[in-house]
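Asks: Listed below, chain by chain, are the residues.
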Amino acid sequence: MTDANRDNAAPVFAVVGHPNKGKSSIVATLARSSTVRIAPRPGTTTTADRYPVVIAGGPLYTLIDTPGFENARRALAWMREHDTTADQRGEVVRQFIREHGHDPAFSNEVELLRPIVDGAGILYVVDGSVPYSDEYEAEMEVLRWTGRPRMALINPIGPADYIDAWRSALDQYFSIVRVFNAVTAAFDKHVDLLRAFGELREAWAGPMSGAVTALEHDRAERRRRSARTIAEGLADMLTLTESRTLKREESSEPFREPLQEKLRGKLRQIERLTRRDVEKHYGYEGLEHDEAAASEDRKLLEGDLFSESSWVLFGLQKRHLVLAGAAGGAATGGVIDASVGGASILMGTIFGAVLGGGLGWYSAGRVAKIPTTSRWLGTAIGGKKLTCGPIRNVNFPFVVLGRARLHHAVIAGRNHAAREPITTNFTEADAGKLNPLSAEQTRRFSRLFARLGKARNDGGQLERLTDQLADAVAGLLGD
Amino acid sequence: MRVQAHERATRGERLAERLRLQESLGHQAQESQSDTGRLLWLIDQSDGPAIEQRAQQTHTAFSFAGLILAVLGLLSGVALGSAVFYYDGRSPVNIIAVLGVFVVLQGALLLLAALAALPRAWARRLPGLEGVQEALRLASPGRLALLGARLLPQDLREALLAAIGRSGAHQRVYGRVQLWAILRWSQLYAVVLNLAAAATFVYLVSFSDLAFGWSTTLKIEPAQMHRIVHGVALPWSWNETLTPSLELVERSRYFRGTPFEPEQRGGWWPFVLAVMLVYGLLPRVIALLIASRRLQVATQKALVATPGASDLLCLLDGSDHARAEENGDTTASTAGDGLGPIGSGSVVIDWSRAAGSSVRAASLLGFEPARYEPAGGARSIGEDRDTVERIARSAGQAGVAVMVKLWEPPVIETTEFLKALRAAVSGGLPVRVVPVACDGDGRVVGETGVLLEQWRRRVSALGDPWTAVAQPVGLSPRRQEPADD
Ligand SMILES: Nc1nc2c(ncn2[C@@H]2O[C@H](COP(=O)(O)OP(=O)(O)OP(=O)(O)O)[C@@H](O)[C@H]2O)c(=O)[nH]1
Ligand SMILES: [Mg+2]
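From first to last, the protein sequence lines are chains A and B. The first sequence begins at 1 in the numbering used here and counts up by one. The second sequence begins at 480 in the numbering used here and counts up by one.
Chain A with its partners taken away, still in its complex shape (with noise of 0.2 Å):
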């Protein structure tokens, strides 16, 4: 098969290096597959293991992720030994293969440099966080002597930073040095990535470039759909009633306290189901959670920082404290408390609410405050509904909304290389990270919230109101 004839088909690349320095992770977060093997220990990968980056239905590379060098002297050695002429090298590599094919002291060389010959574009991972040494050389010469191109990659995996003694070095080897930190890197890296491998080969460059655009297009989608999710569940949450019919003789005092509780665990389910559904827009399925014990959710948002009444007194007329707080990020409730008074109750409450985990507005000693009515049913039957919701206060909508916003940004920012459960326990400093509403936009959150509570009988304003929210969140979900 000639070049030629490779060219048309969509770029390969072998992601290869040294063992365990993070070729399984570089593959996962680039083809955002959670199937990809990743441990700790050396060894992890026995096999070349295809992985066609599929965006928007067509794959448009393939990468292969490869067992590590174990034996790159030797085969260098070998190679060297049966050196002709430098146009003739590529051939010695193959001959190498061939020969070495069924010795297990060169499986991994074998597997690794066998998509190499057949035409792969080489990523040469290294771990900028332990020194750079000459027994790397063996292998990057190996490398060379395929004649195929070839970028490398500083992976970072440590906190410490030799990156500099290896940029110098891979310099040497390779056409191209990027730092890529598999577990870390933001999306517009992934971008600047797929541009660089398009560098590689003039005949790379139009798919590479075809494969951003795909990549950004489909990256927009997916926090379309995600806004769409949460405006949903927003709507759900906000029109949510729980009842539940009496007889006549029937007090309602005893149901009361169960049926709140009843409504608040759905709430708090609708909320999970939609980060569960947020996540799949992302590619992660079954993730695993580390929320906090409902009970610490509770502590942290304790009593009266709920109070409607405060919400109502402040809330609209002294949200310019509101949007202050929130910009500040670190200042915490009881500080402004003491600052400024009955103010800041508001303040409090958006940002307990929001940095708290798991949906524990309501303290025990709270539950009053979900309005709950009985209603004759009429004589025929002879009985009384006991409903409580929907949720009235102004505030729950903003935190719901503060809360899944911060959600978001954690998935979206999430590589498949990370394998570890996500924290929905947010602290201050993540609620720090995100933008303040501005006043235009808390107004405008306000009055669809307040419209969709009471659409609630109505199917037809509902889509309507949730469509409307669907677009001002996706406003929110920016990168």
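The hints are simulated quantities; they were obtained by calculation from the structure and are not laboratory data. Since we're looking at a predicted model, the values are computed, not measured. Please note that the accuracy of each hint is not assured.
Unchecked claim - Below, in silico cross-link-like pairs of lysine to any residue (SDA-like), each with a Cα-Cα straight-line distance of 20 Å or less: (1) Lys898(B) / Ser107(A); (2) Lys898(B) / Arg74(A); (3) Lys898(B) / Ala77(A); (4) Lys898(B) / Ala877(B); (5) Lys898(B) / Ser33(A); (6) Lys898(B) / Gln876(B); (7) Lys698(B) / Val681(B); (8) Lys189(A) / Gln441(A); (9) Lys898(B) / Asp103(A); (10) Lys189(A) / Ser33(A); (11) Lys266(A) / Tyr284(A); (12) Lys898(B) / Ala105(A).
Given the coordinates of chain A, work out where chain B with the ligands should sit on it, guided by the hints.
Replies: For chain B with the ligands alone, kept in the frame of chain A given last:
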């Protein structure tokens, strides 16, 4: 001063503790008279309280394996007897076939077993013999016990495999133990087979009417046949009834397809039985006794060769070793691996410039190396080979320390080097892999735990008890943390 006194006290305590432990284990080993008990002690010195249970398991597993082979031997013996002495009245049991199976074939098999058992030193001198030996060991019926082991429950199976050294570690020490265990099982199998064949024969003679004759496509006259039979019967020539007469030989010749008179030819059976017992059974019984004895000897040798055993002996004598340690003549690299301390006098190999220079190696290790040799890294394979040869010529007794980077995973290149080193230096010379945890500026690099575990694994997979991974150096400023464990 106070620090020193304190260190000495803890060292003393540590020694006492180790002594107590080893003594009690040694005691257990002595008490459990069986080979398996002792074997277990060798393998599992560190296991402490679990050891008794493991000993029990190993014993059960060994008995089970023996039982499997005995049953197999019994079945094949009955099958063999029934096949050789098959008689349906049409043609008699052919004496030639009987001699073929019970004298020639058995003799050949026994010879093969003897070949497999030849000492390594002899085997090396005969070209090709090592390969033959390997093949024979693989083909021996004793291996069946290993296959049968698959039927065992997990824990028993592991105990069995560990006991015969299949688990990889310490292959060098237990190789002979494994060989003799397998050979003993083979002999057990053969003894039972021969017994069963003989019993089948006796049964057939007593309860059915066997007829014997001889017939061959070779041109053998009755006189010649008589001489052969006579030769075979030499060991019991003092007993006339066990040796067929010329007349019987003449009469019992038959040609395939022609009728014969069975009733006259029963006179062969005492001879046949004698052949089976003397040529089939007897050599196997002797071989079984020899194999059992050799297994015992191999076990004891392994005991002495096990790292730590000499330590124990020294400690019991209160001799040099213990005193050397008391004098503080040791370093941070005492590994608790039974190889004893490494110290001045050791050759230091700096793999891929883990230390970087002899001065730095000395400061990391806490002693002045007798020699400092760089290896690995950007050096060529040939240079490394020369280094190994140089070291082999002058390593002395103190051992070799191979310094490696703890932040780099062990790779085939490194383990191949360790193998080459071991092949070049004498069997018992301690080789210690000393992981270096910090870079040239003394900063600890990377996550150390996972990789230390990997180094231990890869090195122990070499199956060489005198090569072990020591405690890492450079983890914290030296001398503040006393030595090992
Ligand atoms: N924090 C952090 N950890 C990383 C990063 N890249 C890899 N790791 C970790 O490093 C370890 C090895 O990563 P792998 O991706 O399995 O490395 P590999 O090169 O594929 O390893 P082998 O397949 O064993 O050769 C895993 O525990 C990863 O979680 C990174 O950028 N940041
Ligand atoms: Mg891998």
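Asks: Take the hints in turn and mark each one as holding or not.
Replies: Results of checking the hints against the structure:
Of the supplied pair hints, the one linking Lys898(B) and Ser107(A) holds, its CA atoms being roughly 19 Å apart against a limit of 20 Å. A hinted pair counts as satisfied when its Cα atoms are at most 20 Å apart, and Lys898(B) with Arg74(A) qualifies at roughly 15 Å. A threshold of 20 Å between alpha carbons decides the hint, and for Lys898(B) with Ala77(A) the separation of about 19 Å falls inside it, so the pair holds. Among the hinted pairs, Lys898(B) with Ala877(B) is consistent with the structure: their alpha-carbon atoms are about 19 Å apart, no more than 20 Å.
For the hint pairing Lys898(B) with Ser33(A), the CA-to-CA distance comes to about 40 Å; that exceeds 20 Å, so the pair is violated. For the hint pairing Lys898(B) with Gln876(B), the CA-to-CA distance comes to about 19 Å; that is within 20 Å, so the pair holds. Of the pairs offered as hints, the one joining Lys698(B) and Val681(B) is violated, with about 31 Å between alpha carbons and a cut-off of 20 Å exceeded. At most 20 Å may separate the alpha-carbon atoms for a hinted pair to count; Lys189(A) and Gln441(A) exceed this at roughly 30 Å.
The straight-line distance between the Cα atoms of Lys898(B) and Asp103(A) is roughly 17 Å, inside the 20 Å bound, and the hint therefore holds. Between Lys189(A) and Ser33(A), the direct Cα distance comes to roughly 17 Å. Compliance with the 20 Å bound is thereby established for this hinted pair. Distance hint between Lys266(A) and Tyr284(A) is unfulfilled; the C-alpha atoms sit about 24 Å from each other, more than 20 Å. With a C-alpha separation of about 13 Å, the suggested pairing of Lys898(B) with Ala105(A) holds against the 20 Å cut-off.
The structure is inconsistent with the numbered hints 5, 7, 8 and 11, although it conforms to all the rest.
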